[in-house]
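Visitor: Taken in sequence, the protein lines are chains R and D.
For the first sequence, counting from 1, position 64 maps to 63 in numbering that gives the first Met the number 0; every step adds exactly one.
For the second sequence, counting from 1, position 131 maps to 130 in numbering that gives the first Met the number 0; every step adds exactly one.
I should point out that these hints are in silico values taken from the structure, not numbers from a laboratory.
Among the hints, a few may not be true.
Chain R is faced by these chain D residues, among others (derived, beta-carbon under 8 Å) [said to hold, decoys possible]:
#: 1; residue: 12
#: 2; residue: 56
#: 3; residue: 149
#: 4; residue: 158
#: 5; residue: 160
#: 6; residue: 175
#: 7; residue: 182
#: 8; residue: 186
#: 9; residue: 208
#: 10; residue: 210
#: 11; residue: 211
Output of the computed footprint for chain D on chain R, the stretches with three or more beta carbons under 8 Å from beta carbons of chain D [what the hints assert, rightly or not]:
#: 12; segment: 19-29
#: 13; segment: 55-68
#: 14; segment: 73-80
#: 15; segment: 83-94
#: 16; segment: 97-109
Just so it is clear, CB atoms sit at the ideal spot from N, CA and C, and this is done for glycine as well.
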Amino acid sequence: MSQFGNFSYLVTVFLMVSGLYVVIARNNLVKKLVGLSIFQTAVYLLYIAPGKLLGGTAPILGAGFETYSNPLPHVLILTAIVVGIATMALGLALVVRINESYGSIEEDEIIEAEEGAQ
Amino acid sequence: MSLAHHLPALQVIVPLVSAPIAVLARRGVFAFAVATLASWSAFALAVLLWLQVQELGIQSYPIGSWSPPWGIEYRIDEFSAFMLVLVSMVAALVLPYARASIESEIPREKHYLFYAMFILCLTGLLGIVATGDAFNVFVFFEIAALSSYVLIALGRNRQALVAAYQYLIMGTIGATFFVIGVGLLYLMTGTLNLADIHGRIAEIGDSRPVLTALAFITVGLSLKLALFPLHQWLPNAYCHAPSAVSAFLAATATKVSIYVLVRFYFSVFGEYIVFGGLGLPELMLWLSLAAMFVASAAAVLQKDLKKLLAYSSVAQIGYITLGLSLDTVSGLTATIVHLFNHALTKGGMFMLVGAVVMVMGDSNMARMAGLSRTMPLTFLGIVLGGLSLIGVPGTAGFISKWTLIRAAIETGQLWLAFAIVMSSLIAVVYVWRFVEVAHFRAPEAETPARRKLPVSMLVPAWLMIAGSIYFGLDSSLTLGAANDAARVLMEGGR
Numbered sequence: 000m001s002q003f004g005n006f007s008y009l010v011t012v013f014l015m016v017s018g019l020y021v022v023i024a025r026n027n028l029v030k031k032l033v034g035l036s037i038f039q040t041a042v043y044l045l046y047i048a049p050g051k052l053l054g055g056t057a058p059i060l061g062a063g064f065e066t067y068s069n070p071l072p073h074v075l076i077l078t079a080i081v082v083g084i085a086t087m088a089l090g091l092a093l094v095v096r097i098n099e100s101y102g103s104i105e106e107d108e109i110i111e112a113e114e115g116a117q
Numbered sequence: 000m001s002l003a004h005h006l007p008a009l010q011v012i013v014p015l016v017s018a019p020i021a022v023l024a025r026r027g028v029f030a031f032a033v034a035t036l037a038s039w040s041a042f043a044l045a046v047l048l049w050l051q052v053q054e055l056g057i058q059s060y061p062i063g064s065w066s067p068p069w070g071i072e073y074r075i076d077e078f079s080a081f082m083l084v085l086v087s088m089v090a091a092l093v094l095p096y097a098r099a100s101i102e103s104e105i106p107r108e109k110h111y112l113f114y115a116m117f118i119l120c121l122t123g124l125l126g127i128v129a130t131g132d133a134f135n136v137f138v139f140f141e142i143a144a145l146s147s148y149v150l151i152a153l154g155r156n157r158q159a160l161v162a163a164y165q166y167l168i169m170g171t172i173g174a175t176f177f178v179i180g181v182g183l184l185y186l187m188t189g190t191l192n193l194a195d196i197h198g199r200i201a202e203i204g205d206s207r208p209v210l211t212a213l214a215f216i217t218v219g220l221s222l223k224l225a226l227f228p229l230h231q232w233l234p235n236a237y238c239h240a241p242s243a244v245s246a247f248l249a250a251t252a253t254k255v256s257i258y259v260l261v262r263f264y265f266s267v268f269g270e271y272i273v274f275g276g277l278g279l280p281e282l283m284l285w286l287s288l289a290a291m292f293v294a295s296a297a298a299v300l301q302k303d304l305k306k307l308l309a310y311s312s313v314a315q316i317g318y319i320t321l322g323l324s325l326d327t328v329s330g331l332t333a334t335i336v337h338l339f340n341h342a343l344t345k346g347g348m349f350m351l352v353g354a355v356v357m358v359m360g361d362s363n364m365a366r367m368a369g370l371s372r373t374m375p376l377t378f379l380g381i382v383l384g385g386l387s388l389i390g391v392p393g394t395a396g397f398i399s400k401w402t403l404i405r406a407a408i409e410t411g412q413l414w415l416a417f418a419i420v421m422s423s424l425i426a427v428v429y430v431w432r433f434v435e436v437a438h439f440r441a442p443e444a445e446t447p448a449r450r451k452l453p454v455s456m457l458v459p460a461w462l463m464i465a466g467s468i469y470f471g472l473d474s475s476l477t478l479g480a481a482n483d484a485a486r487v488l489m490e491g492g493r
């Protein structure tokens with residue numbers, strides 16, 4: 000337990016940072032959205048992992064069960080997942096429209112097209 | 000339970016339910032009627048709620064009768080009632096304006112979707128203010144943000160798509176930072192009710208996770224409220240959005256984010272954690288000053304009038320956060336009163352510029368030569384708004400700056416008062432640039448003939464501008480309300 004106590008936090012932080020890095024470093028609009036999605040997913044883990052108690056069960060009263068896991072984070076993250084899907088769908092829809100009007104989904108080419116137009 | 004008891008819930012539910020009705024209406028006219036009715040009733044509800052708070056104090060409403068801290072609580076105090084009035088008032092004025100304005104900007108078959116998105120955005124903004132639950136704030140944030148991305152993407156040019164995409168990336172990062180902060184607070188306190196978190200943080204003190212949560216929430220909200228240098232998304236988004244959307248978002252979206260920041264600082268973390276020993280007030284002070292000077296200077300260089308106003312917004316947000324960083328009742332009063340005054344001024348100006356765009360075809364300043372002759376009234380309105388941005392006595396902007404300068408002198412920082420005056424001089428330059436082009440330059444030969452603007456556009460815009468003059472002459476109402484709200488917040492934060 001001792002050296003693995005912080006394991007879930009380490010994974011969370013790794014995912015969080017790598018997701019954010021992809022958003023910043025990638026030039027491709029779709030890849031940026033993938034990074035954003037990874038970043039958001041890390042937050043799901045941040046909420047859910049601490050809610051689980053080893054040996055804990057679902058919080059339904061019954062004989063023989065005494066430790067219960069916290070159900071609230073799951074409910075919260077269910078909402079956050081819905082928000083994440085909506086964001087992703089809208090982001091991809093925008094990328095489709097950008098591709099239609101610019102003929103590219105590379106950020107530098109779009110900026111170039113903008114500057115060329117001016 | 001009488002109807003008056005349900006006001007906090009109705010405030011959010013009326014616009015929320017109206018959005019799908021507007022979609023079902025399909026026809027643009029019906030959707031417009033539904034949206035306008037919803038925004039006017041939201042405004043009426045907000046005023047009633049404000050009066051109720053004045054009379055009875057804080058209004059707490061348990062959603063679904065689940066008592067807090069287990070259930071979600073809607074909690075309206077002086078500050079939230081003030082913000083509800085502001086947001087719903089701007090929506091009630093912008094919607095009648097939008098009808099004629101989007102005619103030339105958005106294809107007719109998409110009008111009903113515009114109204115649905117607009118009213119959904121209003122729902123999100125009102126919800127953020129009304130709720131007393133940390134996670135609920137995030138959900139409403141995303142409702143408001145997702146609908147505003149759509150609204151911005153409806154702009155005429157293809158740049159609007161890129162602006163909306165950039166705003167989506169930045170906005171989502173901001174909201175995710177915020178929700179990480181809320182998660183850390185939840186881990187430490189085991190509760191999501193704002194008042195309850197406040198009580199438990201007082202017990203555990205400023206432990207490291209709490210400070211980390213503070214850092215995440217501050218950065219996340221700073222992205223949303225476009226605090227310098229996290230403002231990169233704002234100028235493009237406001238510039239390329241449809242005029243009605245620019246006016247609505249400039250007047251409300253960033254203001255509501257500032258509301259959340261103030262709420263978390265004083266009603267959740269408590270003043271002693273935020274302003275004690277972290278260096279946060281100093282950081283915020285310097286970033287605000289940077290916003291006031293750098294963004295104003297950037298505004299001077301803009302060729303596009305809408306972009307100029309957008310950069311000026313970033314600068315004005317600097318004044319708002321400057322008041323917050325002083326950590327005194329008068330500083331906070333300046334913050335709150337400027338939230339209101341700037342919303343009126345900038346909302347009105349964006350609406351008038353929208354009228355200019357409708358006639359001229361775009362918002363490029365070079366094409367506005369001779370505007371004072373072709374559109375004299377609109378020109379006058381924009382100049383009056385500009386005077387309020389500068390802070391000329393007799394305008395609402397003066398009241399804000401006067402309060403802010405007094406707050407700065409109160410803390411003994413005379414140089415700060417001087418800096419506020421100096422940065423206002425840069426505002427003189429950018430307002431003058433517009434006047435110079437529009438008044439002193441001869442109109443182009445093929446300037447479009449004088450066109451009569453629809454009354455439905457001019458009346459709301461002029462109401463906003465008139466408001467920013469009225470509240471400059473008689474500030475007892477706004478200043479009094481702001482002062483009350485600031486006092487309650489400060490007392491709660493101790």
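Visitor: Determine for every hint whether it applies to the structure shown.
Guide: Here is how each hint holds up against the structure:
no., hint, in the structure
1, 12, "violated (18 Å)"
2, 56, "violated (30 Å)"
3, 149, "holds (7 Å)"
4, 158, "holds (7 Å)"
5, 160, "holds (5 Å)"
6, 175, "holds (6 Å)"
7, 182, "holds (5 Å)"
8, 186, "holds (6 Å)"
9, 208, "violated (11 Å)"
10, 210, "violated (17 Å)"
11, 211, "violated (11 Å)"
12, 19-29, "holds (count 3)"
13, 55-68, "violated (count 0)"
14, 73-80, "holds (count 3)"
15, 83-94, "holds (count 6)"
16, 97-109, "holds (count 4)"
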